[in-house]
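Q: Spelled out, the chains give:
There are 2 protein chains.
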Amino acid sequence: MRPLILITNDDGIDAPGIKALEKAMSALGDVWTVAPASEQSAVSHAITLWNPLRIHQRAEQRFAVTGTPTDCVYIALSKILPRRPDICVSGVNHGANMGDDVIYSGTVAGASEATLQDIPSVAVSLASYKSQNFDTAAAAAAKVAASVLKRGLPRGVLLNVNVPKDVGVDAPFKFTKLGRRYYGQIVTENNDPRNKPYYWIGGAELGFDDIPGTDCNAVADHCISVSPVQMDLTHYKFLDELGKWTELNEAAE
Amino acid sequence: MRPLILITNDDGIDAPGIKALEKAMSALGDVWTVAPASEQSAVSHAITLWNPLRIHQRAEQRFAVTGTPTDCVYIALSKILPRRPDICVSGVNHGANMGDDVIYSGTVAGASEATLQDIPSVAVSLASYKSQNFDTAAAAAAKVAASVLKRGLPRGVLLNVNVPKDVGVDAPFKFTKLGRRYYGQIVTENNDPRNKPYYWIGGAELGFDDIPGTDCNAVADHCISVSPVQMDLTHYKFLDELGKWTELNEAAE
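Chains as they are written, first to last, in the UniProt record's numbering: chain E, 1 to 253; chain C, 1 to 253.
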């Protein structure tokens, strides 16, 4: 049986990145797409609990859901797919998801939701807002996905792939840790047509810490970055240290 | 100078939990509250990038923002607070945030955003939807916050506190790792007044894995759970293993 592949993203089902991914992944298996009806960037792991969702079927194995990437994966697994997928691939995101971005990213969240349901998952991003090099990014994702299908992944770990804008399919892969990116802490203040103030969160990327071995450095070096991202957020090392905080269990003075 | 304390939550500025927290924290320092204007549960780290935000001043040091907990912390730091806070405390959430909940939780995300800005942070939840025991939970949070103000926290680590419903302020504290909770994978399907189908994500909590040392077990044992949560999501152990995936860098056949 060919692998069943679930594809989602956060740029929305009409984004060019997801179309490139569908094409590249169809060489590996039976592709089902369940993706947000509209752009959902920076929604992170948000789940829609307080509103109903609609499912719009676009083609035989292609569905738009009026929610977040997490909603899409949740609905796909419980209402749409004929069986459990063998892999979930989320992307190709238009713009990098490196370092702390991973925390905010809807693209990574789509893959995370599948990971939490014990489905091996890959998130893939094209590390430039300006580039349209989605086919190369999709080909890189397919290469990683083929390895995942062959080798599996440990429970609770997904692979986060970032592809530089200016490389071809033969670019070297680098296995990386997550780095640290900086954005301008900018909030634009303005007045609306009724002269009431509003605030808009924005800010261009300012750069990243130059740390060898990180996703940021790998992409700057024109390599395809592959980072293992874990779902267990416990900081085990500091957990040992916390044992010394004995004042919490002393009787109040 | 008294510590400057930033308080936020995800249940909204009018929730009883945040009022109990403001009261308890005011013993430790100068409290500023910047919280969502409406309930934001399960929004995770979502940031509002595509819409403007409004700030409604409710009192001298109390502001409602029409966005997510992440938005609130971002706006507080850049537009509202007179200086950098010494600590951020998010909560008291009505309902547990244990195990995988941490990934979806807006309460934890509020503390995370401050952590990413290198502000020591604590998230606190009352582990029951039925209990109104917010004063005990807020007292526990204040106790943990006092230790954090005295000792500090490592960069990129926050403390996630869960308080059982049926304990007093003298309940024992336990330092825990994150456990695994289960929810029913339930999507309710129904028709709207125009006979179009809609889908609603829901599902009651089914239980949790019985793993000694976890937050879930500690709360079940009537202890106040304190878990260190990290912002670096790299799975370092598997990163070593990935070095063996040499097929990614072999020339295509």
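If you're looking for bench data, these hints aren't it; they were derived computationally from the structure. A portion of the hints provided could be inaccurate.
Copies of the same chain look alike in the list, so a pair counts if it fits in one copy or across any two.
[What the hints assert, rightly or not] For lysine-lysine, the following BS3-like pairs were computed, each having C-alpha atoms within a straight-line distance of at most 25 Å:
1. K150 / K196
2. K244 / K150
3. K150 / K23
4. K174 / K196
5. K174 / K244
6. K174 / K150
7. K23 / K165
Q: Next step is simple, just say for each hint if it's right about the structure.
A: Now for the hints, and whether the structure bears them out:
1. K150 / K196: For K150 and K196, neither the intra-copy (57 Å) nor the inter-copy (42 Å) Cα distance is at most 25 Å.
2. K244 / K150: between (45 Å within a copy, 13 Å between copies)
3. K150 / K23: within (20 Å within a copy, 56 Å between copies)
4. K174 / K196: neither (50 Å within a copy, 48 Å between copies)
5. K174 / K244: between (39 Å within a copy, 12 Å between copies)
6. K174 / K150: Only inside one copy: K174 and K150 sit 19 Å apart there, 41 Å across copies, limit 25 Å.
7. K23 / K165: within (19 Å within a copy, 52 Å between copies)
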